[in-house]
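> Got chain A; can you put chain B on it based on the hints?
Residue numbers (our numbering), protein chains in the order written: chain A, 1 to 357; chain B, 1 to 384.
It is possible that some hints are incorrect.
What the hints assert, rightly or not - Below, a list of computed lysine-lysine pairs in the PhoX-like style, where the Cα atoms sit at most 20 Å apart:
1) A:Lys110 <-> A:Lys66
2) B:Lys268 <-> B:Lys283
3) A:Lys76 <-> B:Lys270
4) B:Lys344 <-> A:Lys106
5) A:Lys66 <-> A:Lys108
6) B:Lys268 <-> A:Lys76
7) A:Lys142 <-> A:Lys203
8) A:Lys66 <-> B:Lys344
9) A:Lys130 <-> A:Lys106
10) B:Lys283 <-> B:Lys99
11) A:Lys106 <-> A:Lys66
12) A:Lys110 <-> A:Lys142
Unchecked claim - If you want a taste of the chain B side facing chain A, the calculated C-beta under 10 Å gives, among others:
13) Arg242
14) Gln254
15) Pro258
16) Ser261
17) Ala262
18) Leu265
19) Thr266
20) Asp297
21) Val298
22) Ile299
23) Gly335
24) Asp347
25) Tyr348
26) Gly352
27) Arg354
28) Pro355
What the hints assert, rightly or not - Listed next, with one range per pair, are the computed distances between beta-carbon atoms:
29) B:Glu204 <-> A:Glu102: 53 to 61 Å
30) B:His203 <-> A:Trp222: 47 to 55 Å
31) A:Lys76 <-> B:Thr324: 34 to 42 Å
32) B:Thr115 <-> A:Glu102: 36 to 44 Å
33) B:Pro282 <-> A:Lys76: 20 to 28 Å
34) A:Gly133 <-> B:Ala269: 33 to 41 Å
35) B:Thr324 <-> A:Arg94: 40 to 48 Å
36) A:Ala166 <-> B:Pro282: 52 to 60 Å
37) B:Asp234 <-> A:Asp177: 36 to 44 Å
38) B:Gln361 <-> A:Lys217: 54 to 62 Å
39) A:Lys110 <-> B:Asp234: 51 to 59 Å
Keep in mind the hints are simulated off the structure, nothing from the lab. Fair warning: this is a prediction, and the values are worked out from it, not measured in the lab. Glycine is no exception: its CB is placed at the ideal position from the N, C-alpha and C atoms.
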Amino acid sequence: MSEFITRRSVLAGAGAGAALTTLPISMVTLAFGGTREDFTFTYISDAHIQQIKGASFVRNWDQGLKRAVAEANLVKPESDFVIFGGDLAQLGKREELDHGAEMLSKLKGKLHVVMGEHDYYLDLGDYWSKLYGPHYYSFDHKGVHFVVLNSILTSEQWTFHRWPTAEQRMLEMAGLDNPNGSPFMVGDKQRKWLANDLAKLDKKTPLVVFSHSPLQKIYKGWNFWTDDADEVQALLQPFDSVNVIYGHVHQIQYNQIGNISFNSVMATAWPWPYPQSYAQAESHLPVLTIPMNRADPFFERDATGWQLIDIGSGRVTARYQLWDNDQRTVAFDHKAGRPVDVAYQEPTQRRLPQTHY
Amino acid sequence: MAVRKRAATLLAAMLSLSGLGLADVARAEPLGLPPVPIPQDNPQTADKIALGNRLFHDLRFSSDGTVACATCHKDDHAFTDSPLRTSEGIRAEGGVGKKTGTRNAPTIINAAYFTTLFWDGRSASLEDQSQHPFLNPVEMGLATHEPILAIARSDPFYVELFKKAFGKSGAGVTMEEVKKAIAAYERTIVSADSPFDRWRFGHEENAISEGAKRGFEVFIGQGRCVSCHVIEQDQALFTDNRFHNIGVGINRAQFDVPRLSAEFLTAKAKGADVDKAVLTDPKTSELGRFAVTDQFDVIGAFKTPTLRNVAVTAPYMHDGSLKTLKDVVKHYNNGGRSEGDPAKVNDYLSGGIRPLNLSEQQMDDLVAFMETLTTPAYFGAKTR
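Just chain A, same shape as in the assembly:
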């Protein structure tokens, strides 16, 4: 146990294609001072468990989550906890949440769950709360302060006064590129809570914020957007090291705004933008609006996945496990002051789409 994780060794390990299973766990001196035990956690997100009828659920999404759970349980040394990043259900139904929760219950170790819009807009998170507790909360782990936000809220008008039924509200929010949708937000009440929660902390305390939507304004048309992101960021900026980790986007994204590093996580359900399905079976993908010529239609897990994240350097190193594809690592480059994709796939290295049959 004498190996020290430094940015250098983490990057070198990633470059050499280090397996998850060989991640060094050790006592480390962190960039932000002090000595503590290093740790890792796994992150699974966006399962979109969807009921067809009765006990029949969309097989692809079921298989994606089952496989993620099974693989997460194989990680050695075992990770300290697991985060589920939101959108456990597709249409917020009890049946979907129950079915997803049953799969997640097979995870070893403590589970923390983030609220996604697909979990929320049917009953405004009531049943989800019975399973997983409050919609937003914080906890401390080995010197790091973790905050879990519900970032998928919107205006009272849209939520309470616009739709004839709860089902209609859910369907509108679940639609992609839907002009009837609404930008997400954290909201006044929760921001006030966040300000209070952070007020207790030393500014040197490393912060990790989990949200479902990005907490940054990426593209409103796709709802890759959080309307009050600027106000939330203002609360986070005074801290030396802030990492925001989010789901929702079903692809690899990373960004740096001031002191805040942003890293997305992958979906276990489908990639975005997604490929036209080859399946002869009925497709349960949302209507295709953005064609994609990257993923292989036969491999249903292509361009989906999960990741193991460590913050040994005080910043996120996300090792993406992309099923049926090469692994990728996005790690914070302290010299550049932002996350970088350490193995960005050059065009010549990318796997071509399937062209035969």
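Below, chain B without anything else, positioned relative to chain A:
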């Protein structure tokens, strides 16, 4: 695919330039196959191929003098050891019976086109592959390659052939030359020109039955077979050279995966030999490609085999657990589950495997189609 085609064309051009007409060393590719890829550092020559042929069939390269490459890859069994379920090697302790491996001997026919060798792809070339079975404790059982070299350097026949093929003799003959000669011989074992090829690429309308034609439609349609057993516009290797967990073997071992994977990685980190571990322990063997890459996404995954001559190479799958082609089709039709498997498929199953809802007729048609993939040399050979 495009990349591989280009490479093959280049290699063929290189051969012609070197003054060796293709006809000197191998006949033109049979109908339905692309040119054989030849590595730059091991060009085909008639002398080398003749030497490789001899080495391939030599029983002396095993600890008990009873096993040659050709023991598990018999010429008249379409280069398999059909109908054995898993391959048999040297004598077991006490001389009773044979030591057995954990995997079914795959055919060498068209192995020249494989981008990786062995069921788990742990070798990158025929040259590399050929050296391993000599040392495997259940296959040929030698402790080192020295006994092979001793014979290669002293047997007058070999002395002559190594001189002709490589211009080397005595200590100049090393495993490099042995490996290259065996690989060169194996690259001549290519075959197609089956009824399917005559129908599909030769446009002979009556080369296959109506049932087989219907089976072809199932193959490329509802059965989704073609996704892995690839057919191109002008040729068909019937493999994507990739690795898939299709539920065979691993379904039964699924509950042991956490323990097996952890134990295997620990042993590997301490220097355990993958070759020996996977072929001597049946349970570890089921980890498949994972044992090579350490990646969870290929747990229980094995290489897509070619389907050429599949009707005469029973039993099927990496563990030889399925007796007939109908059994294989049923396994896929059930979404990756066979009779005797646990009620649920393993959690690590490849994404493309799903229930197919094929009718009995469609399954029979599919089998009829696969029976059209037999090369003329094996017409009438029934091993099941």
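> Mind listing which of the numbered hints don't hold for this structure, in increasing order?
The structure conflicts with no hint, since it agrees with every one listed earlier.
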